[in-house]
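Protein chains: 4
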Amino acid sequence: MTSHQPIMTLDALREFLDREFPQIHVGGRTYELEEIGPFSARMRMDYHEKHLRPGGTISGPAMMGLADVALYAAILAHIGPVPLAVTTNLNFNFLRKPEQQALIADCRLLKLGKRLAVGEVSIYSEGSEDIVCHATGTYSIPDRR
Amino acid sequence: MTSHQPIMTLDALREFLDREFPQIHVGGRTYELEEIGPFSARMRMDYHEKHLRPGGTISGPAMMGLADVALYAAILAHIGPVPLAVTTNLNFNFLRKPEQQALIADCRLLKLGKRLAVGEVSIYSEGSEDIVCHATGTYSIPDRR
Amino acid sequence: MTSHQPIMTLDALREFLDREFPQIHVGGRTYELEEIGPFSARMRMDYHEKHLRPGGTISGPAMMGLADVALYAAILAHIGPVPLAVTTNLNFNFLRKPEQQALIADCRLLKLGKRLAVGEVSIYSEGSEDIVCHATGTYSIPDRR
Amino acid sequence: MTSHQPIMTLDALREFLDREFPQIHVGGRTYELEEIGPFSARMRMDYHEKHLRPGGTISGPAMMGLADVALYAAILAHIGPVPLAVTTNLNFNFLRKPEQQALIADCRLLKLGKRLAVGEVSIYSEGSEDIVCHATGTYSIPDRR
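Residue numbers (this note's numbering), protein chains in the order written: chain A, 1 to 145; chain B, 1 to 145; chain C, 1 to 145; chain D, 1 to 145.
In isolation and in its complexed conformation, chain A is listed as follows (with noise of 0.2 Å):
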């Protein structure tokens, strides 16, 4: 019934996100939207001194915050660019602990609704086949005319 295709353009999805959210590349451009695809997208972040601990760990806000921007990224491909969807809900299960790598998050969209679109992202590191950590997240979309 419904289309599941992207609206936005992966180059105008990037432009979109470099304009709007310019603060995911203070201290560096480490993220890197891959790809986008119906119900989904793929964002990278790079394995950069900004995003570690001490011992050369990635952090959990890393993660996090990685997890946040690659669903964020995957909503506006499917609902155009509204700069004002609010996160509501994050729930992370934290799996392993992640290579000394760049991290992968592939992010599927469950539902595309009026007021509200919910996503989950599996993180990987690159070269990697088991998850690192996995979140779905809740977005509130502003009313539409």
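It should be emphasised that the hints constitute simulated quantities derived from the structure, not laboratory data. Be aware that a few hints might be false.
In silico DSSO-like pairs for lysine-lysine, Cα to Cα no more than 30 Å straight-line [what the hints assert, rightly or not]: (1) D/K111 / C/K111; (2) C/K50 / D/K111; (3) B/K50 / C/K97; (4) D/K97 / D/K50; (5) B/K111 / C/K97; (6) C/K111 / A/K114; (7) C/K50 / B/K50; (8) A/K97 / A/K50; (9) A/K114 / B/K97; (10) A/K97 / B/K114.
Covered stretches of chain B, as calculated for chain C (at least 3 residues, CB under 8 Å) [claimed, not checked]: (11) 59–69; (12) 88–95.
All C-beta atoms in this analysis are idealised placements derived from N, C-alpha and C, irrespective of residue type, glycine included.
On the provided structure of chain A, position chains B, C and D as indicated by the hints.
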């Protein structure tokens, strides 16, 4: 590294569930474990009076119970018949009203550790592709010696 | 700013629940709304056969159903008799095995917005101070005009 | 039965956090453990450039990091200096936009088991009574011999 193959057969797991969890069949046998596979399992819950609210809608607790039993079965399939695994966390996103149909719970294990197992479930109305409820769950596994 | 006072009386809310949610009494009346207060409510669930698993333990779905109904009542007490509020997210932490006793669900509302209400519940075995199950829930509130 | 008294002093816990978790002070010291009590702890996070997004709003990851550190400290206060406790689950409800103020994280432990500790946190803008973010978290505690 780790094999993701189940270590119980479908028949052995069905028998184990019948013996150890007779409660799921109280008031009528409605749960059927349909399939187990690598880090996955699928359970079916009939559309049956005992799961309904007036009006014919499947109740929230019925869906929550299905998610829990299905995840539990998915874990047992991979660790063997350990009746003492305990649910520690369940997170549910309710996405749509279910149809007046059987529900199918598709489970995927995200982690099978020594102490904790984590999985996710997508619940569909039979014959539909829209997820009505998505859940993640964590189970504490007793020490095995 | 916002008043946190309930806008329904305990009696009016009890009658509303009985009329609109008769399902919670199927198989025996076991839920009793005991108290409503500023951003709070307390519901009791009798220790009753219909909530038990073989062995006498209160089932997970019975606790989850209690948490949902109690939060729902807490919200209605503060927004008035709106039968169409819908549960969108529930997160449960199961902390201990409940006693063979009635359960008490103590709710606190965390937010009462125009579109979303969020609350938490602590469930105790009657007469005990240890929480057996803690839940948070989000409810979508229909447009009111 | 169980005592709910902390077993570390506020000073000992502050020193331990400084030594074992220097990362939380990278870019400026903004976290202050203000209080520990029976099954509780309170942490303050200054309103500081490093936690902000353009426009001056405190970022989601900054709030999520605060919740995690505060819960972690609350647990350590009660189990002693065990640097290897690991976050396994975090659930966040984002309720309001925080003020341009310091944040206060009020933690309450819900369970302190041998293997798992569970707690909740309410985060407020300093000087306000409205909760901006509520979280629950589960931590895996290593075997202690």
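The hints, checked one at a time:
For the hint linking D/K111 to C/K111, the alpha-carbon distance of about 25 Å falls within 30 Å, and the restraint holds. The hinted pair formed by C/K50 and D/K111 meets the criterion: a straight-line CA distance of about 28 Å does not exceed 30 Å. Proximity of B/K50 to C/K97 is assessed by CA-CA distance (about 25 Å); at most 30 Å being required, the pair is judged to hold. Taken as a hint, the D/K97 and D/K50 pair is honoured in the structure, with Cα atoms around 17 Å apart against an allowance of 30 Å.
Under the criterion of a C-alpha separation no larger than 30 Å, the hint pairing B/K111 with C/K97 is consistent with the structure, at around 24 Å. Annotation: proposed proximity of C/K111 to A/K114 holds, straight-line Cα distance about 21 Å (limit 30 Å). Taking the CA atoms of C/K50 and B/K50, the gap is about 11 Å. The hint holds against a cut of 30 Å. Taken as a hint, the A/K97 and A/K50 pair is honoured in the structure, with Cα atoms around 17 Å apart against an allowance of 30 Å.
The straight-line distance between the Cα atoms of A/K114 and B/K97 is roughly 15 Å, inside the 30 Å bound, and the hint therefore holds. The hinted pair formed by A/K97 and B/K114 meets the criterion: a straight-line CA distance of about 15 Å does not exceed 30 Å. Counting residues of the stretch 59–69 of chain B whose CB falls under 8 Å from any CB of chain C gives 7; the rule of at least 3 is met. With 7 residues carrying a beta carbon less than 8 Å from a beta carbon of chain C, the stretch 88–95 of chain B meets the three-residue requirement, and the given coverage holds.
Every hint from the earlier list agrees with this structure, and none is contradicted.
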